[in-house]
Each structure stands twice: as C-alpha cells, then as structure tokens.
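Novice: Throw the hints in and build the complete structure from the sequences for me.
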Amino acid sequence: MADTHKHEVDAVTGISTTGHEWDGIRELNNPLPRWWLWVFYLTILWSVLYWIAYPAWPLVTSYTYGVLGWKSREAIQTDLADLRAQRAAFGDKLAAASLEEIEQTPELLAFARAQGRAAFGDNCAPCHGAGGAGAKGYPNLNDDDWLWGGSLEQIQQTILHGARSADAEAHVGDMPAFGRDGMLQRPEIVAAADYVRSLSNLAVPAGVTPDLAKGKEVFEANCAACHGADGKGNPELGAPNLTDGIWLFGSDRDSVIASITNGRAGLMPAWSGRLDPTTIKALTVYVHSLGGGK
Amino acid sequence: MNVATKSENFAADADDDLPLYEARRKIYPIAVRGTFRRIKWTLLLVTLGIYYLLPFVRWDRGPNAPSQAVLVDLVNGRFYFFFIEIWPQEIYYVTGLLILAALVLFLMNAVAGRIWCGYLCPQTVWTDLFQVIERLVEGDPRQRREKLKNASRVQRAFEAAAKHFLWLMVAWWTGGAWVLYFADAPTLTMQLLKGEGPMVAYLWIGILTFTTYVLAGHLREQVCTYMCPWPRIQAALTDEYAFNVTYRYDRGEPRGSLKKTEALKLEGLPAGDCIDCRQCVAACPTGVDIRLGSQLACIQCGLCIDACDTVMEKIGRPTRLIAYDTEMNVQRRIKGLPPVTKVFRARTVLYAALIAVVGGIMVAALAMRGSEGLSAIHDRNPLFVQLSDGSIRNAYTLRIVNKQPMPRRFALSVEGVPEAQLEVVGGLSEVENGRPVVEVGPDQTYELRALVSTHAKLPLGASLPVTFKITDVAGGETSIAPDHFKGP
Ligand code: SF4
Ligand code: SF4
Chain P
1 MADTHKHEVD AVTGISTTGH EWDGIRELNN PLPRWWLWVF YLTILWSVLY WIAYPAWPLV
61 TSYTYGVLGW KSREAIQTDL ADLRAQRAAF GDKLAAASLE EIEQTPELLA FARAQGRAAF
121 GDNCAPCHGA GGAGAKGYPN LNDDDWLWGG SLEQIQQTIL HGARSADAEA HVGDMPAFGR
181 DGMLQRPEIV AAADYVRSLS NLAVPAGVTP DLAKGKEVFE ANCAACHGAD GKGNPELGAP
241 NLTDGIWLFG SDRDSVIASI TNGRAGLMPA WSGRLDPTTI KALTVYVHSL GGGK
Chain C
1 MNVATKSENF AADADDDLPL YEARRKIYPI AVRGTFRRIK WTLLLVTLGI YYLLPFVRWD
61 RGPNAPSQAV LVDLVNGRFY FFFIEIWPQE IYYVTGLLIL AALVLFLMNA VAGRIWCGYL
121 CPQTVWTDLF QVIERLVEGD PRQRREKLKN ASRVQRAFEA AAKHFLWLMV AWWTGGAWVL
181 YFADAPTLTM QLLKGEGPMV AYLWIGILTF TTYVLAGHLR EQVCTYMCPW PRIQAALTDE
241 YAFNVTYRYD RGEPRGSLKK TEALKLEGLP AGDCIDCRQC VAACPTGVDI RLGSQLACIQ
301 CGLCIDACDT VMEKIGRPTR LIAYDTEMNV QRRIKGLPPV TKVFRARTVL YAALIAVVGG
361 IMVAALAMRG SEGLSAIHDR NPLFVQLSDG SIRNAYTLRI VNKQPMPRRF ALSVEGVPEA
421 QLEVVGGLSE VENGRPVVEV GPDQTYELRA LVSTHAKLPL GASLPVTFKI TDVAGGETSI
481 APDHFKGP
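The listed protein sequences derive, respectively, from chains P and C.
Here the first sequence is numbered in our numbering, starting from 1 and rising by one per residue.
Here the second sequence is numbered in our numbering, starting from 1 and rising by one per residue.
Think of the hints as simulated: they come from the structure by calculation, not from any bench.
What you were told as hints is all true, and nothing was included just to trick you.
BS3-like mimics (lysine-lysine), calculated; alpha carbons at most 25 angstroms apart, straight line: (1) C/K486 x P/K294; (2) C/K265 x C/K335; (3) C/K469 x C/K486; (4) C/K486 x C/K457; (5) C/K486 x P/K136; (6) P/K294 x P/K136.
Which stretches of chain P does chain C cover? Using the computed rule of at least three CB atoms under 8 angstroms from a CB of chain C, they are: (7) 106-114; (8) 122-131; (9) 139-148; (10) 244-253; (11) 286-294.
Note that the structure is a prediction, hence the values are computed from the model and not measured.
Glycine is no exception: its CB is placed at the ideal position from the N, C-alpha and C atoms.
Specialist: Structure (structure tokens):
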C-alpha cells in the first residue's frame, strides 16, 4: 500500500505528507505536539506507578495487592464508620428518647422519618409497597385500620416480633379453615359470608338472597369468639374489624367465602434480631406518621 | 508557549514569508500623564479598593444572620448583599443581574466602543497594576533597553526576581481577598494569618494567585486580543456613531518630522500635525498603532490620546490629534461638513429602555419578595387512602420557608375539598381558629406532612384542585401552594 503513495513534500509548509489522499486533499505529516507527547508518557508512567501502589493485576487465585495496602472493603468500612459517627449526634438522641418524645420534637421527628423512610424502603417495601400502600393480603399502613393495633407501642411491638413469626413474642391468632377442615358446611359458610358482608353494608350481588338469620347464627357460634359479637374485631388476636370499609383479602362475596373456607394467616417477620433498636424506633415513627397512627 | 514555538517552526519550515501565526511581541508601554491616565488611576483605585476591602464591610442583620455586607455562604446556601438575602431557589435574581450587566455593556459599547475593556475590565485593571510594578522595578522601556546593553547580568536577574516576587504578592493578595467573600472575613483573615485556614481556602488562594500572575503578568494584552470573546461581539454591536479612539488623519496627515512640517507650513504646502514621534504606539498597552485606523486589539483606553496630547502641548500644536471621535466625522471634516454626534439613537435608547425595564422588574421583585413561602408535593404512593369509615384521605409533604431572622408560627389551612379535615404531622399542639399551627425557625425551612381527608362522596376518578395556605399567626402574612386531591 505505502509504496503506491508518494510521500511528497508540501510546497506551502515544507512538511512532507502522510501519503494519504482523499479527493485531492492530502494530510501533512506533522509531528505530535510535544506537550501532548509528554502528557502521554506521563499517563503511562502514572499507570505503572498505580499498578505498584494499588491493587491492580488479577492472579490465578488472588491479585496483586499494591504497596499502599489499600483495600476497597476497608475503604467502605471506614466510610460506614464515618457515616455512623455523623449520625451519632442525632442517633444517640433517638436511642434515648421515647417514641412519644420523638414525635413531639420536630428535629427528632424529621430525622426519624427520614431514617425510617430509608429503612422502610430497604426492608418493608417488598411486601407493604414503597409508600406503605400494601396489597391484597399485605396491610396498607396508611389507613387507620390496624390488625394488631395502631398506637406507637403496638406498631413497635409488631415490627420487633412480627406476627405468626418464629419469634417467641410474636403475635399469634389464626383464622381457622372452617370449610377445608370440615367445621362448617358450604351453605353455612355462604350464609356467614353474607351476614358478615351485611355488617359493613356491602352491596348484595344480583340474584343472591342472603339468609341473614342463619348467617347470624353461624357467626355467633363460630366467629364471634375472635371477631366479637358485634364483628368489630380484636387486635389482641389480630382479628380484623368486619364492620369497616377495609378488607385485607377482598370484600367481594367470593373472597369472603374463600376466607372462611380456607382461613387466613398473613405472616409478618420479626425484625428485632435483624435491625438495630434505633432503626426500629425510626421505622415505628415513620409508619405511625404515614397517617393512620393512633 | 508551545503555540508560539510551533508557529515559529512553521514559519521556518515553510521557508517562505507566510507564517500561520503571528509570533508574540512583548509589549512594554511607556508611562503617560493626562486626562485619561488620571481617570484610569481613579478607577483602578476605586475598583481594587472595592475588591480588596468590601469583605470587611459589616452590615447588621440581627442575631441569627451573619454581619458581613457581602457574603456567599455556600454551606448554608445563602447569598447576602447588604439588605438583600438570596436563597438558592432565587438564583433568578443573579440571572437578572447578569442580564443587566450585559445590557449595560451593550450600552457602553453603543456609546463609546470598548470602554469597558479600557477602564473597568479586571484584566485591564490588574495588567495596569502589574505594569506599574514592572516600570517601578525595571524602569521604563528606554531604561530597559539600556540595561539590556549595559547593566550586569546579576542586576538584571535581581530586578527580574524582585518584579516576579512583587507580582506574586499582588496575585496572592488577590486570591486572599477572593476567599474572604465566602466566609466571615475577619475570622478567616485571622485563621489564614495563623495558618489554620481551611484547605479549600488555600486551594482557591492558590488558584487565583496562579491565574492572576499568569493573566496579568504574562498573558496581558493577549487575553484581550485572542482569548476574550467580547471584542468579536462588540464589533457586531457597534455602529458608525459610536465614539472610538480615533486618529484624526484629516488633521494629522501628511505626517512628517517637526522641522519638515513646520517648513512645509511656512511655504503654505500641505503638512499634517503628526510628527511621527510614535509616542502613541509606545504608550499603547496592546501594541496598536492607532494611526492605522481603529482595530481589533485596541481596548479604548485612551492612553495614546494622553501620549499624543503631551507631545502636542510640547510643540505648541492643538491637542486631541487622537481623540474619542468617529470615522464618519473625520470623513465629514475632510468634506468640510460639521461633525455630527448622536448619542440618542435607536440602539442606545433601546438599551437604556431595556435596562430600565429589567432594573424595574428586579427592584419590584425585590420589593414584593415575600418573607415566607410554601410548596406542596402530593404523596406519589399511595395517591389516596380509604379509611375504615369509608372516607378518603390524601397525604402531602409541605415545605414552609421562613425568610425572616426570627422564629415564626404559621396556621395552615386548605381549600377546595368539601368537608375537608386537615391534620399535620410535626406541628405544634396548639390550634388557631381550628387551623393547625406550625413553628418554623429563623431563616429556615420546615417540612411537614399534611393529611387531608373528607367524608364527602367524590365522583369516580376525581382530582380536585386544592390550595394550601399558611398565615403568619402574629403578622398575618400569607402564602399559598396549589395541588390536587385525588379520589378512587
Ligand atoms: S490604541 Fe490607544 S486606545 Fe487603543 S489600546 Fe492602544 S493606547 Fe489604548
Ligand atoms: S503621538 Fe501623536 S504626533 Fe506622535 S506619532 Fe502618535 S499621533 Fe503622531
């Protein structure tokens, strides 16, 4: 290739050309600017020094450590320690204050809500949703309906020990599978479902004639023990209020029949071993301040 | 440097007289005396005085705010300028100032060309200062040339060292003054004197020392001729009525030595006033020969006028052979017409009007600037919550701004939702007229969560416009923020 090009000297500048030609335009073979060349050499030198100073080359089972002894893991641990130290000023106050005090002190409240929001996103959002909006079977934490109570202490208790978790102090209370376990027959279940729906004035589907008298009878014999004679529920047992507008597992007739037939037992893990007490405090305040706290 | 070397190589390689770049001639202007030099000294003292001393000027803003008249408080995000205090979200005031600055520059240019460059530009002011130092230490250009021939190497090296040392001192002081605008000046000065200043202060002092030393000491007129975009822009903005430093060739030509022109004049032959002494060129800080006509490198400093006037006075000819004048008038005088000056032209009037409008808007905005503010953000998830009694609730994050240097209490209310119930998380326990009350610290913002719920039956998919309102419990000032209330 090169042979076919003439490395001629440009008449105007007196500099030889590279021999390339495009549509009559030729390229001068100027040397690289000296400053550029020096910067280039410096970068090479820099990379060699870097290899010596810092971890660089992969070996078969390990890597070159570098003479400075810098480790990314240590660096991140220092960063985390710094972060903890930064937070300590507020973190210590948070640890010392009671939940009520936190809610009444604006700076502590703001700090707890910020920390709580972050912890909620990391730990709680997978089930309860990013804003605590919940989903079918996963309670909405924004509303004022609480299975296990909505006061600060009750919320903290639920986060610490969970519900139906392996924790010794976990909330317990199961909704039996009345249908599956043969405690009630299908017509009784349907009647109970219609009765329960009537407690919160839910619309009766077309073509259905509810037998409310029979339903009431079944309810008083089987359900009232946990849900109460008036159906208002019992937070000691996690038995939901059946007279309000909030239905965790659905309020349509089929869903209610399914709940009575198969039982329901949502599981909330215990966080006491996994999150530090201050974070749990922050979470409690955050959840309480979403709007539904009592 | 490399560009210069390169261009010399080019010129040499090319082996013909077509260099691609002009090599730099170092310029050592002579000292002059006269009107414009006096104006320049005055402006130099005033502008440098302001720059170096302004950080020490105090301004009382009460106990919760800094007492420095001009302060850029980066940590707390505040800019203080005497009675004005600007928050980060009000950066449009700075935009307004920049627009004003540009318009003033346009107006100056329409009236008298590049006078900004010649009198007020920091590049010119510091270069002037550095040249004074240069002349003080190494002598004027003539003494320089003599020293180059006669003085010993040691003396020259000593003088050069002294000059660069003094330059660096000025440059260092310039950087030192810069950082004082970003912290309490007296405190920082003490810290710097004791060597206990923050790292970032030293860094910026270093950067500004370097730039001042390089730009004012070494690059000088090259900044004005090659680096600065303003000469190009101003060339497009000027017109034939704008005063420019002009050599009145109608009077000056044909030039000739004093003896020759006097002789010609005696004979009644045409002879100009210019005696070709080249004092105007020697005085020019950018190396321009103004007798060739107005040109890109000229910064309108008027020093050539002073230089020529001195010569004219000495030889008893009328001054202002070089003067602020227009090319058009030179032409008119040649034709025997009277000169015209038109300061009020479409463009000057337009610029002045724009300055008045922008300035007026700024003053009005500052005067009507509220000392409190409110903004609202609707919760994104969930958009609404159904409560156990069937009512609907929306949650908002509100941010209240208190721009006054004392704590204030605001009562919060909401409009636009029928039967609305308003609750706040993070408010005080007190209630004012049924409205929740919130306290915001001095010169601070406060974020709270507002919960609005209603029993009213909303149409499906409703999205009602709502307005939050804060009212200062003591003073009654209000501020509002709009948002929406969403239903199922
Ligand atoms: S030509 Fe005259 S006005 Fe222009 S820069 Fe030189 S000395 Fe200043
Ligand atoms: S200083 Fe005046 S007289 Fe001397 S060369 Fe310049 S224009 Fe001519």
